[in-house]
Every structure is written in C-alpha cells, then in structure tokens.
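A.B. asks: As they're listed, the protein sequences go chains A and B.
Under the working numbering, the residues of the first sequence are numbered 7 to 324, in order.
Under the working numbering, the residues of the second sequence are numbered 7 to 324, in order.
Just so you know, not all the hints are guaranteed correct.
Stated by the list, open to error - Label pairs and their in silico Cβ distance ranges:
| id | chain 1 | residue 1 | chain 2 | residue 2 | range |
| --- | --- | --- | --- | --- | --- |
| 1 | A | Pro-31 | B | Ala-45 | 37 to 43 Å |
| 2 | A | Thr-67 | B | Gln-140 | 30 to 36 Å |
| 3 | A | Gly-25 | B | Met-285 | 20 to 26 Å |
| 4 | A | Ser-208 | B | Met-285 | 54 to 60 Å |
| 5 | A | Lys-202 | B | Lys-301 | 56 to 62 Å |
| 6 | B | Lys-148 | A | Ser-208 | 49 to 55 Å |
| 7 | A | Asp-47 | B | Gln-217 | 22 to 28 Å |
| 8 | A | Ala-45 | B | Val-133 | 33 to 39 Å |
The set of hints was computed from the structure by calculation and includes no laboratory data.
All values derive from a computational prediction rather than experimental measurement.
Using N, Cα and C, we set each Cβ at its ideal position, and we do this for glycine too.
2 protein chains.
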Amino acid sequence: MCPDVLNMHEFELINKFKGFQNLTPRVVRGIGDDAAVLALDRKRYQLFTTDMCVEGVHFATGTPAHKIGWKAMAVNVSDIAAMGGRPTCAVVSLGIPSRTRHAVGLTGHIEFPRRKPLTGNSMCPDVFTRGLYQGLHACARKFGVSIVGGDTVASDKLVINVALLGEVEKKYLVTRAGAKKGDHIFVTGPLGGSFKSGRHLSFMPRLKEAQKIVRHYKPTAMMDISDGLAGDLRHILKASGVGALLAEACIPLYKDVTLAQGLSDGEDFELLFTVPSSMARKCPFPVVGVITDRKGKLMIKDRNGKEKLLTLKGFEHC
Amino acid sequence: MCPDVLNMHEFELINKFKGFQNLTPRVVRGIGDDAAVLALDRKRYQLFTTDMCVEGVHFATGTPAHKIGWKAMAVNVSDIAAMGGRPTCAVVSLGIPSRTRHAVGLTGHIEFPRRKPLTGNSMCPDVFTRGLYQGLHACARKFGVSIVGGDTVASDKLVINVALLGEVEKKYLVTRAGAKKGDHIFVTGPLGGSFKSGRHLSFMPRLKEAQKIVRHYKPTAMMDISDGLAGDLRHILKASGVGALLAEACIPLYKDVTLAQGLSDGEDFELLFTVPSSMARKCPFPVVGVITDRKGKLMIKDRNGKEKLLTLKGFEHC
Numbered sequence: 007m008c009p010d011v012l013n014m015h016e017f018e019l020i021n022k023f024k025g026f027q028n029l030t031p032r033v034v035r036g037i038g039d040d041a042a043v044l045a046l047d048r049k050r051y052q053l054f055t056t057d058m059c060v061e062g063v064h065f066a067t068g069t070p071a072h073k074i075g076w077k078a079m080a081v082n083v084s085d086i087a088a089m090g091g092r093p094t095c096a097v098v099s100l101g102i103p104s105r106t107r108h109a110v111g112l113t114g115h116i117e118f119p120r121r122k123p124l125t126g127n128s129m130c131p132d133v134f135t136r137g138l139y140q141g142l143h144a145c146a147r148k149f150g151v152s153i154v155g156g157d158t159v160a161s162d163k164l165v166i167n168v169a170l171l172g173e174v175e176k177k178y179l180v181t182r183a184g185a186k187k188g189d190h191i192f193v194t195g196p197l198g199g200s201f202k203s204g205r206h207l208s209f210m211p212r213l214k215e216a217q218k219i220v221r222h223y224k225p226t227a228m229m230d231i232s233d234g235l236a237g238d239l240r241h242i243l244k245a246s247g248v249g250a251l252l253a254e255a256c257i258p259l260y261k262d263v264t265l266a267q268g269l270s271d272g273e274d275f276e277l278l279f280t281v282p283s284s285m286a287r288k289c290p291f292p293v294v295g296v297i298t299d300r301k302g303k304l305m306i307k308d309r310n311g312k313e314k315l316l317t318l319k320g321f322e323h324c
Numbered sequence: 007m008c009p010d011v012l013n014m015h016e017f018e019l020i021n022k023f024k025g026f027q028n029l030t031p032r033v034v035r036g037i038g039d040d041a042a043v044l045a046l047d048r049k050r051y052q053l054f055t056t057d058m059c060v061e062g063v064h065f066a067t068g069t070p071a072h073k074i075g076w077k078a079m080a081v082n083v084s085d086i087a088a089m090g091g092r093p094t095c096a097v098v099s100l101g102i103p104s105r106t107r108h109a110v111g112l113t114g115h116i117e118f119p120r121r122k123p124l125t126g127n128s129m130c131p132d133v134f135t136r137g138l139y140q141g142l143h144a145c146a147r148k149f150g151v152s153i154v155g156g157d158t159v160a161s162d163k164l165v166i167n168v169a170l171l172g173e174v175e176k177k178y179l180v181t182r183a184g185a186k187k188g189d190h191i192f193v194t195g196p197l198g199g200s201f202k203s204g205r206h207l208s209f210m211p212r213l214k215e216a217q218k219i220v221r222h223y224k225p226t227a228m229m230d231i232s233d234g235l236a237g238d239l240r241h242i243l244k245a246s247g248v249g250a251l252l253a254e255a256c257i258p259l260y261k262d263v264t265l266a267q268g269l270s271d272g273e274d275f276e277l278l279f280t281v282p283s284s285m286a287r288k289c290p291f292p293v294v295g296v297i298t299d300r301k302g303k304l305m306i307k308d309r310n311g312k313e314k315l316l317t318l319k320g321f322e323h324c
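Generate the whole structure from the sequences, applying the supplied hints.
C.D. replies: Encoded structure:
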C-alpha cells in the first residue's frame with residue numbers, strides 16, 4: 007500500500023514522522039503544537055515555529071508583494087501568540103522566480119529561459135522584493151520581531167519561509183493539551199470567508215488578546231484557527247482527550263458566511279481557547295461551546311436545541 | 007533603473023535589505039554572517055540560521071530522497087559549526103509536489119491535475135517523504151540536533167527549508183570580521199568538483215574540526231565555503247577590512263579539479279579560517295595563504311612566484 011502523504015491531513019503526516027525527532031532533554035514539547043517548547047531559563051521557555059507560504063496555495067499569483075510579506079510573518083506570530091508567548095527573532099528564506107536566475111547550480115549556471123510573470127504588483131524584481139521585505143518588516147516591527155538572517159534562492163514559484171523564535175513565561179504557557187470537561191470554549195472573533203474576502207492576507211495576529219487571556223482567564227488549552235474551527239477544535243480534543251459541544255447560535259460569523267463555512271473555512275487566525283467554567287463569566291470573548299467527557303466526539307447543538315455529530319464530511323444526526 | 011535582484015550576488019541582496027532588520031538589544035549580530043548571534047546567558051550566545059534547498063538548483067530531479075534530507079540539514083549544521091557553535095534544535099518546512107494535493111487553498115480545494123514525476127528514488131510519495139525524513143534524521147542524530155517542528159505544504163517543485171538553532175560559548179564565537187594582517191589562511195580539506203562528484207549531497211559538516219579550531223588555534227575569522235574559496239574569502243576580507251595573498255601551490259584540490267574550479271566551485275562546505283601567525287605552525291590543516299593590509303585586494307602567487315590579482319572574472323596580471 008502506498009498512501010499519498012499529501013492526501014493525508016498534515017496532522018497525520020506530522021504524527022507519522024514524530025519518530026524522527028531525536029528528542030533531547032532541552033525539548034520540553036516537540037512536534038504537534040503551534041510551536042515547539044524549549045528550555046530557556048528558570049522562568050521562561052523558548053518557542054520555535056516555522057511556516058512556509060507558497061504561491062498558488064497560500065496566496066494567489068498577482069497578490070501585492072507587501073501583503074505576501076505581511077502574511078508570511080503574521081502566520082508565525084500567530085503561532086507564538088497561541089502558546090501564550092511573545093515573538094523575538096526571525097529568519098526568512100525566499101525562493102524567487104526570475105527571468106534569468108544565475109544560480110551556482112548543478113551544472114555551474116542554471117537559467118530559466120522563459121519569461122515568467124512575477125507574482126505581485128510589479129514586474130520589476132527589485133521593486134517586488136523590496137515590497138516583500140516591507141510587508142515582512144511592517145509585521146515584524148508591529149510585533150517586536152527582529153529579522154536576523156535569511157537565505158535567497160531561485161524557485162519556479164514564489165516560496166517564502168519564516169522561522170520564528172519566541173519566549174513565554176512558564177506560568178503562561180498554553181498548549182493544546184489541557185482542556186477539561188466543563189471548560190468553556192471561546193474564540194477571539196468572527197469566523198469564515200477569510201480567503202474570499204482577502205482577510206487571510208492582512209489579518210492581525212491576536213498577540214494582544216493572547217496576552218490578556220493568559221494573564222487573566224487561566225486558559226487550559228489554546229491554538230490559532232488555521233484549518234477552520236471544527237478541524238482545529240479536533241486537535242484540542244485529541245491532545246486533551248476530551249469531547250466538545252458547540253452551540254450553533256453562539257458561533258460568531260462574518261456577514262454572508264454560512265455556518266458550514268464558519269466551521270470549516272481555513273486561515274481565520276482567531277484564537278480558539280478553553281477556560282475553566284469558574285473564569286468563563288469574566289472572559290470578554292464570544293463563547294462557542296463547552297468541553298465534554300465524550301472523548302473525541304465533536305457535537306453541535308442547532309438553533310432548535312437538537313444535538314448533531316459533526317464529522318469531517320458534515321453533520322450526522324444522533 | 008530596475009536591477010534584477012536575482013542577478014545580484016546574494017550578498018548584495020542581503021546588504022540591500024539590512025535596513026529591514028528591526029534590531030533589538032538581544033541581537034548581538036544580525037544579517038551578514040553564517041548565522042545570527044543572539045543573547046542567551048552569561049556564558050553563551052544562541053545561534054540561528056536557515057537554508058532553503060530547491061529542486062533543480064541545490065539538487066537534481068531524481069536525487070534519492072535521503073540524500074536531499076541529509077543535505078538540507080547538513081548545510082545548516084555547517085553554518086553553526088562555522089561560528090564555533092554546536093547545533094541544538096531545528097524546524098523543517100517541506101513543499102512537496104503531489105499528483106492530487108488537497109490543500110485548503112484559495113478556492114477551497116486546489117488540485118494539480120497533471121501527474122508529475124516525483125523527485126527521488128520512488129514514485130510513491132509516502133516512501134519518498136519517509137526517505138527525506140530518514141536523511142534529515144540521520145544528519146540530525148549525527149550532530150545532536152532535535153527536529154522539533156515543521157510545516158508541510160504543496161509545491162510545484164520540491165522545496166525543503168531547515169531553520170536551525172545552536173549555542174556557542176562566548177569565548178569561542180568566530181565571525182567573518184576579525185582577520186588581521188599577517189594571519190595565516192587555512193581550509194579544512196580539499197576543494198572543487200563538489201557538484202560534479204555528488205559530494206555536495208553527502209558532505210560531512212566540519213563540526214568536529216571547527217570545535218578543535220576554536221579550542222586550540224584562536225581563529226580570528228571563520229566561515230564555511232559554499233560559494234567557492236575565492237568568493238567566500240572576499241566576504242572575510244570585506245567584513246575584516248583586509249586583503250589576502252593565496253599561494254597556488256598550497257591550495258588542496260580534489261583529483262581532476264583545476265585551480266580555477268578549486269577557487270570558484272560552490273558547495274565544498276570545508277571551513278575557511280584565519281589564525282594568528284603565532285598559532286599557525288601548530289595548526290594541522292592546509293595553509294592556503296596569508297592576510298595582507300591591501301584592503302579588499304585578493305592576490306594569488308603562482309608556482310613561479312608571480313603575484314596576480316584575482317578578480318571575479320579570473321586573474322589579472324599586476
């Protein structure tokens with residue numbers, strides 16, 4: 007049997023290769039959360055994450071360069087925020103298409119002879135690359151990130167990879183594993199339609215909100231919503247060994263977004279988190295459900311009070 | 007004027023965008039060396055580097071997957087070694103071609119309808135990805151690296167990005183800036199023909215050698231040779247504000263490699279370093295030249311004792 011790894015969910019793929027981690031005592035938490043957790047000092051952990059953005063998958067050909075730059079940095083800041091941390095330093099790798107890329111390549115010099123349209127709002131590679139860096143830098147400055155290094159290579163399509171470090175006070179670290187029966191489930195804002203609306207390019211990582219949450223509401227689990235509310239909540243349920251019941255009427259949606267879109271659209275980058283019921287009343291974000299002890303089961307209560315099972319393919323009546 | 011950024015040397019490009027670093031006090035040394043240097047604790051600095059390997063540029067289509075994995079990790083280990091440090095933790099991003107990649111993409115689901123041949127020694131994506139991880143892991147284990155996280159996305163061509171952390175005792179940190187007139191110039195081994203021979207895929211990062219050098223020979227500057235001896239020595243000359251005189255007869259070359267190839271072939275990944283003349287006699291590596299005070303001038307003495315100027319285009323008689 008030869009399964010296609012790319013038809014697996016990334017989560018399965020990651021689990022499949024956990025055996026290759028080569029863990030050492032300095033690794034507090036490796037593969038499987040928004041960021042890795044590493045020993046730093048008595049009071050703090052270091053966080054380490056990476057995200058690759060590819061033309062045609064994470065942004066359309068023709069997207070303005072500074073928006074691509076912003077997004078490439080912002081998705082990583084969002085990961086650090088979701089662990090309760092603050093970002094510190096980043097390295098950036100760029101794979102850039104070129105009409106005549108002189109790379110010290112396999113046979114000395116490689117040239118791509120065809121004229122390829124450059125992604126972005128300019129056909130001029132210099133202006134384009136400057137735009138990319140401006141977007142990266144705008145997001146970096148906003149969230150206190152230093153860009154300390156990088157790599158630039160030739161690539162058929164534009165690829166941008168950011169690896170980001172962060173720090174978190176030990177007492178504020180939140181992972182996906184910790185949600186308990188009775189905890190209330192929150193999101194930091196409305197969901198759905200991120201791609202269609204272009205919000206996925208200009209979203210604001212919820213760093214301020216995350217800091218407020220870890221300081222005041224003792225969250226038991228947290229992550230950012232990159233694969234859709236339903237898909238990402240499943241990660242928390244799996245990591246925490248619990249179930250959940252969502253309330254359809256409580257899920258905040260953008261205008262013209264259906265419930266199904268709100269549950270499954272990717273790249274909202276709002277935070278999804280759970281808070282003990284004792285703290286829930288004080289928490290000023292929209293509550294969308296409650297954690298149950300029905301391990302792995304994700305249910306949703308419709309507007310008529312009926313509970314349905316949420317499967318990967320949609321709803322199932324119980 | 008609209009210069010093509012990819013026709014610039016990467017070094018120029020990096021300098022061009024240094025203004026976008028947003029440096030903070032925790033950054034001891036940012037863009038412009040083999041790795042960034044970050045504050046860690048009283049005795050140690052943290053090192054941070056990244057390298058992107060792209061199909062058709064850094065490895066040919068058809069290269070066995072485990073070799074690609076090894077190289078992607080090894081080039082980063084080499085960067086950490088060149089700063090006098092030891093690697094610790096890595097995150098790995100994979101952009102993998104697929105026949106049917108179901109990505110939560112711009113329009114929900116994106117599919118690449120054509121059957122594309124996979125890079126590597128297997129048409130089976132699962133076997134291929136496992137091979138990649140085996141190569142990554144083999145190198146990681148060899149050099150004490152933990153793989154703590156990653157990202158997997160769809161990409162037209164195979165792209166693999168590794169970001170690597172390391173640590174260095176403050177007293178052992180070596181940068182490119184520090185070479186002084188009279189210092190002797192060394193390399194750790196023979197040069198040239200790395201692509202043609204396939205050595206660029208299976209090279210052994212010079213971590214052990216680097217540790218020996220920083221502990222015993224007080225190097226004043228060090229880097230790994232990725233762009234060829236002449237090109238990389240220029241980086242040291244520029245960063246240190248000095249010149250150099252190479253001795254043709256002393257440059258160690260692989261069999262069937264010409265002097266020109268030995269000077270300019272990329273991806274040797276031997277270390278290039280300078281040592282004060284007082285320590286040079288003890289240093290057991292091949293000496294290839296001496297640092298001069300002719301700032302920016304790279305000269306070479308031929309076998310007849312004649313000195314020539316080494317330019318980017320070749321030799322010039324003085």
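A.B. asks: Could you run down the list of hints and mark each one as holding or not?
C.D. replies: Cross-check of the supplied hints:
1. A:Pro-31 x B:Ala-45: 37 to 43 Å: Roughly 22 Å apart at Cβ, these two residues miss the hinted range, so it is violated.
2. A:Thr-67 x B:Gln-140: 30 to 36 Å: Hint holds: Cβ distance 34 Å, inside 30 to 36 Å.
3. A:Gly-25 x B:Met-285: 20 to 26 Å: Violated, since Gly-25 of chain A and Met-285 of chain B (Cβ atoms, about 44 Å apart) do not stay within the stated range.
4. A:Ser-208 x B:Met-285: 54 to 60 Å: Given about 55 Å between the Cβ atoms, the range holds.
5. A:Lys-202 x B:Lys-301: 56 to 62 Å: The hinted range 56 to 62 Å holds for Lys-202 of chain A and Lys-301 of chain B, with Cβ atoms some 57 Å apart.
6. B:Lys-148 x A:Ser-208: 49 to 55 Å: violated, 43 Å
7. A:Asp-47 x B:Gln-217: 22 to 28 Å: Holds, at about 25 Å.
8. A:Ala-45 x B:Val-133: 33 to 39 Å: Given a distance of about 35 Å, which is inside 33 to 39 Å, the answer is holds.
Hints 1, 3, 6, counting from the list given before, are not met by this structure.
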